[in-house]
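Visitor: So you can see what is in the structure, the chains are spelled out below.
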Amino acid sequence: MKLGLYPKIAADGIRKNGRLYVPYILTSILMIAVFYIMHLLGFSEMLQNFEGASTARDILRLGTRIMAVFGTIFLFYTQSALIKGRLKEFGLYSVLGMNRKNLGRVIFCETLMTWGISMTGGLLAGIGLSKLAELGFAKIIGAGANYSFFISGDSLLCTFTVYSVIFLLIFLNAVRQVRFARTINLVHADKAGEKPPKANWVIGILGLVILLTGYTIAIKIDSPLSALFWFFIAVILIIIGTYLVLIAGSVLLCRILQKNKKYYYKTNHFVSVSSMAFRMKRNGAGLASICILLTMILVMISSTSALYFNREETLRNRYPNQLNVTTTKNGYVENYKEVVSKIESDVAKMAEENGTATDNVISYCNYSLSGYYGDNKVDIDLDPYSTLSTTLDYDRVVQVYFFSLEDYNRLCGENESLSKGEILLAIDGKLKVGDELAVGNESYKIAKKINFRNSNLRLAIASNVVSTFFVITEDLNSTVYPFKDHADFSGNSILTWNYNYDFDTGLDVDGQVALSKILTGYMQNEFLDQDFYRSLCFCREVERDDFVHTFGGLFFLGILLSIIFLLSCVLIIYYKQISEGFEDQSRFAIMQKVGMTKENIKKSINSQMLTVFIIPIVFACLHLATVLPIVHKLLLLFGHNNIPLLVICAGICVLACGIFYAVTYKLTSNAYYKIVS
Amino acid sequence: MSLLEVTGLKKIYKGRRGGASVEALKNVNFTVEKGEFVAIMGESGSGKTTLLNVLAALDKATSGTVILDGMNLSTIKESAMAKFRRDNLGYVFQDFNLLDTFTLEDNIYLPLVLAGKKHAEMKERLDKLAPSLGIADLLKKYPYEVSGGQKQRAAVARALITDPRIILADEPTGALDSKSSDELLDLFSKVNQMGQTILMVTHSTKAASHASRVMFIKDGIIFHQIYKGSSTDTQMYQKISDTLNLLAQGGDLK
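From first to last, the protein sequence lines are chains Y and W. All residue numbers for the first sequence refer to the numbering used here, where the first residue is 1 and numbers rise by one. All residue numbers for the second sequence refer to the numbering used here, where the first residue is 1001 and numbers rise by one.
Hints in this document: simulated from the structure, not taken from any laboratory. For every residue, glycine included, the Cβ atom is placed at its ideal position computed from N, Cα and C. Please note: incorrect hints may appear among the correct ones.
Some chain W residues judged to face chain Y by a derived CB distance under 10 Å, without partners named [as the list claims (entries may be wrong)]:
id, residue
1, F1030
2, I1076
3, S1079
4, L1098
5, L1099
6, A1115
7, A1120
8, M1122
9, E1124
Computed cross-link-like contacts, DSS-like style, restricted to lysine-lysine with a CA-CA straight-line distance of at most 25 Å [unchecked claim]:
id, chain 1, residue 1, chain 2, residue 2
10, W, K1123, Y, K262
11, W, K1128, Y, K262
12, W, K1123, Y, K261
13, W, K1034, Y, K598
14, W, K1123, Y, K259
15, Y, K266, W, K1118
16, Y, K266, W, K1128
17, W, K1128, Y, K598
18, Y, K261, W, K1083
19, Y, K593, W, K1077
20, Y, K593, W, K1014
21, Y, K261, W, K1118
22, W, K1117, Y, K262
23, Y, K603, W, K1128
24, Y, K593, W, K1034
25, Y, K593, W, K1118
26, Y, K198, Y, K84
27, Y, K262, W, K1083
28, Y, K593, W, K1010
29, Y, K598, W, K1117
30, Y, K603, W, K1034
31, W, K1141, Y, K261
32, W, K1141, Y, K262
33, Y, K593, W, K1123
34, Y, K598, W, K1140
35, Y, K593, W, K1228
36, Y, K593, W, K1141
37, W, K1034, Y, K261
38, Y, K266, W, K1083
39, Y, K281, W, K1140
Full structure from sequences and hints, please.
Guide: This is the structure in structure tokens:
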């Protein structure tokens, strides 16, 4: 055979199957473009000039890898759907005398062509869109953008390599599919009598149980720390559950409906129910994939947007004042009062030297330790690792903060008094405490339980990640003295002493930054050598950039990935509609011959299609609703504690996704009707 | 009055964009009496299938009338056509046309379910019908699980279950092996003896020899017909093949 023949056949094949190939190539182009953009933003020097954009870039680097993995999986999936529709054609070639090697060449030419078009288009689109993406990214993370145009050779090369490898894998997979099929099977590939779906009770019920377990875990999680671990468990269970339920459970449901003769043998139900069983058998996995993708989009966008839009509040929770001077020491600090008064007077003096007074001062110190709570007692001798790995009960991990009554009265404007052995107690978390609280071998009588949330005390904890006790005592040092020699598993004292001095200034932003640098220098000079391992001054204005970059980077990544995921959803749906169309074509004709009216058929098919395509979004919303509590707990780790905003963000995402989904459905079902009628 | 009266039937397929149009049926006239078993024979392209499609109201004639039991097909509205077909016609196809998403039982019930019948009634009808068609044990199976002959018997059951005025069969043995063909033809004869009118299109001489009357169609007109009368299947077979021979040689029997 002449060599020129293969490219010709391949080109013909692509052109004749344009309905299948065009969306495939378009998706490849977009994936390549997005990969290039992410790589460009994440790895190239383009963003290096942006002050402190490193967090955001790290996030985008992670995104680049996600894109490579997802791209591989998804293009594989699409391509195998594609080749399935063409097996008959290959069978015909095979009958006409082509051997496997010849077929391999045809496939090679085809892959080469799709690769060539996708790569060229993708890289061009990537280069073209990169400026837009850069501007968007800069806008979100609040950095100034320049107007130069930037093309990164490294990014081009990396994109080229990664996607060439993916296409190579795709080619090998296609050859494998054709090679292991016998000629006669190739010819009849689409005529193989389809086995009726069996109702698999075990798997169907198992799926439901797994799904509900995942839901229960998701709803029940209390502490954000345990959330991290259980989150993965819940996610995996929900994913498995979704697949099982949609694959087996849906068929099971159809079968149960069929058993009910009164329901089944009705004009409206008869055809729909029985075809639905087949449809779900074929589409269960695809629908589950769509559902998982949609859930990912919803969770991703609602959480990152909530983080992003709440950044100022998160920042202000963490840094209530312009400047925050802090120092921390591990262990018992005999002379803490001297240290505190030294810092207070020195900082005030230095502020004055820089032309400002210290306003809204919040100054406090505390000791903290952590333990394992149960039965009115905080156990501080347990090895946390062995305990947690056997019980996995993060909800009982507790932090104990000791404050002096003096600080408390000053911070909260109270005038309480305590006698020896008495404490005031505030609780954050769901712990139940009686009249007495024991910490280690010490036992305290609780004079009064106080609410810490509305007082300045809340500032003492950065984020309520684990449950916390606030113990307020008359004399701080004598109270913690018994724990002085307790060591944790690594040999350090379990006590940590922390001091904070928050204040506002009358300075402008530059002045604040300058002062914070001076204060940091002072703190490090004075204290770093004395085991005060974290002595410095935070400046809110500096931290703001960090917050914006982190949350902005996450948000931007969320948007990019969502675009890709949404597009993948669209493509899955499109291929589903097309293949459904071809399958239904003959059924449509038969039903007409045995006396079904066109309207009947259209109505029945309409309702089936609608059911099939509404399932994923309904499930995705259900998933979102159940994982939202976990998402909230996880966001607490970032210091985000704004449930209404999270819910609003989720609501908007659902709405936007729903509209997009409906439009997709409408457009793709037109393709379907074109085929069947 | 005859059960089926066909007069001056004409069907022209228009060529696309001024292409040559084809006259599939020129001028077809015949009648079928109640209880008859009529076979229509002809070569490929003679217009057999077009005729059957027009009779089944799947296709519209260019001119001429088809009157079934006093109803003129051309006066039935498009919207009522599906119902008319369901209630009055039973159709048996060459390639069975069973829906692969249904069990045989449900395939047979399909026209009744569309007509809104109760399940008890459908079951009663099927219980009467199934043993005589030899499919009583197959009802729970899916089309892909049974042989071609069994599929066709299920299709016959689907055609019969509505008690149609006439059964239209399009090459019913076309996709069957000879044993299954014989069984199906015997079944047709049996059904016919119970009073069911059958109109069958075929180009199998053997299939036609079971009929009580055979009409030959060529170039869009009914060319000739022979009656079985009291002759046996074998004698009928001989008569038909003689006729076909003459036809093939271009002889004029008129």
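Visitor: Could you run down the list of hints and mark each one as holding or not?
Guide: How the hints compare with the structure:
Given the 10 Å rule on beta carbons, the hint for W:F1030 is violated: about 23 Å separates it from the nearest Cβ of chain Y. Proximity of W:I1076 to chain Y is violated relative to the hint, the smallest CB-CB distance being about 13 Å (cut-off 10 Å). Checking W:S1079 against chain Y: minimum C-beta separation of about 7 Å stays under 10 Å; hint holds. With a least beta-carbon distance of about 8 Å to chain Y, the hint placing W:L1098 at the interface is held under the 10 Å criterion.
Hint status for W:L1099: holds, given a least beta-carbon distance of 6 Å to chain Y, under 10 Å. Because the closest C-beta pair between W:A1115 and chain Y is about 8 Å apart, less than 10 Å, the hint holds. Checking W:A1120 against chain Y by beta carbon gives a least distance of about 9 Å; that is within 10 Å, so the hint holds. Annotation: W:M1122 was flagged as interfacial toward chain Y, and the flag holds, the nearest CB pair being 7 Å apart, inside 10 Å.
Because the beta carbon of W:E1124 sits about 13 Å from the nearest beta carbon in chain Y, more than 10 Å, this interface hint is broken. The suggested pairing of W:K1123 with Y:K262 holds, with an alpha-carbon distance near 12 Å, which does not exceed 25 Å. A C-alpha spacing of about 21 Å is found between W:K1128 and Y:K262, which places the hinted pair at or below 25 Å, so the restraint holds. At roughly 11 Å between alpha-carbon atoms, W:K1123 and Y:K261 fall within 25 Å of each other, so this suggested pair holds.
Simply put, W:K1034 and Y:K598 have alpha-carbon atoms about 31 Å apart, too far for the 25 Å limit, and the pair is violated. A threshold of 25 Å between alpha carbons decides the hint, and for W:K1123 with Y:K259 the separation of about 15 Å falls inside it, so the pair holds. Among the hinted pairs, Y:K266 with W:K1118 is consistent with the structure: their alpha-carbon atoms are about 8 Å apart, no more than 25 Å. Distance hint between Y:K266 and W:K1128 is fulfilled; the C-alpha atoms sit about 22 Å from each other, no more than 25 Å.
A distance of roughly 31 Å separates the Cα atoms of W:K1128 and Y:K598; the hinted pair therefore is violated under the 25 Å criterion. The hinted pair formed by Y:K261 and W:K1083 meets the criterion: a straight-line CA distance of about 23 Å does not exceed 25 Å. A C-alpha spacing of about 16 Å is found between Y:K593 and W:K1077, which places the hinted pair at or below 25 Å, so the restraint holds. Taking the CA atoms of Y:K593 and W:K1014, the gap is near 23 Å; set against the 25 Å cutoff, the hint holds.
Under the criterion of a C-alpha separation no larger than 25 Å, the hint pairing Y:K261 with W:K1118 is consistent with the structure, at around 10 Å. Restraint check for W:K1117 and Y:K262: the C-alpha separation of about 11 Å stays at or below 25 Å, so the hint holds. For the suggested pair Y:K603 and W:K1128, the alpha carbons sit about 33 Å apart, so the restraint of at most 25 Å is broken. Our distance criterion of 25 Å between C-alpha atoms is met by Y:K593 and W:K1034, whose separation comes to about 23 Å.
Among the hinted pairs, Y:K593 with W:K1118 is consistent with the structure: their alpha-carbon atoms are about 22 Å apart, no more than 25 Å. Proposed proximity of Y:K198 and Y:K84 is supported: the alpha carbons are some 23 Å apart, at most 25 Å. At roughly 22 Å between alpha-carbon atoms, Y:K262 and W:K1083 fall within 25 Å of each other, so this suggested pair holds. Annotation: proposed proximity of Y:K593 to W:K1010 holds, straight-line Cα distance about 22 Å (limit 25 Å).
Taking the CA atoms of Y:K598 and W:K1117, the gap is about 20 Å. The hint holds against a cut of 25 Å. With a C-alpha separation of about 37 Å, the suggested pair Y:K603 and W:K1034 falls outside the 25 Å cut-off, and the hint is violated. For the hint linking W:K1141 to Y:K261, the alpha-carbon distance of about 17 Å falls within 25 Å, and the restraint holds. Among the hinted pairs, W:K1141 with Y:K262 is consistent with the structure: their alpha-carbon atoms are about 21 Å apart, no more than 25 Å.
In summary, the hint linking Y:K593 to W:K1123 is supported, as the alpha carbons are separated by about 23 Å, within the 25 Å threshold. Of the pairs offered as hints, the one joining Y:K598 and W:K1140 is violated, with about 28 Å between alpha carbons and a cut-off of 25 Å exceeded. Under the criterion of a C-alpha separation no larger than 25 Å, the hint pairing Y:K593 with W:K1228 is inconsistent with the structure, at around 31 Å. Under the criterion of a C-alpha separation no larger than 25 Å, the hint pairing Y:K593 with W:K1141 is consistent with the structure, at around 22 Å.
Among the hinted pairs, W:K1034 with Y:K261 is inconsistent with the structure: their alpha-carbon atoms are about 36 Å apart, more than 25 Å. The suggested pairing of Y:K266 with W:K1083 holds, with an alpha-carbon distance near 16 Å, which does not exceed 25 Å. Among the hinted pairs, Y:K281 with W:K1140 is consistent with the structure: their alpha-carbon atoms are about 19 Å apart, no more than 25 Å.
Against the hints set out earlier in the document, violations occur for numbers 1, 2, 9, 13, 17, 23, 30, 34, 35, 37.
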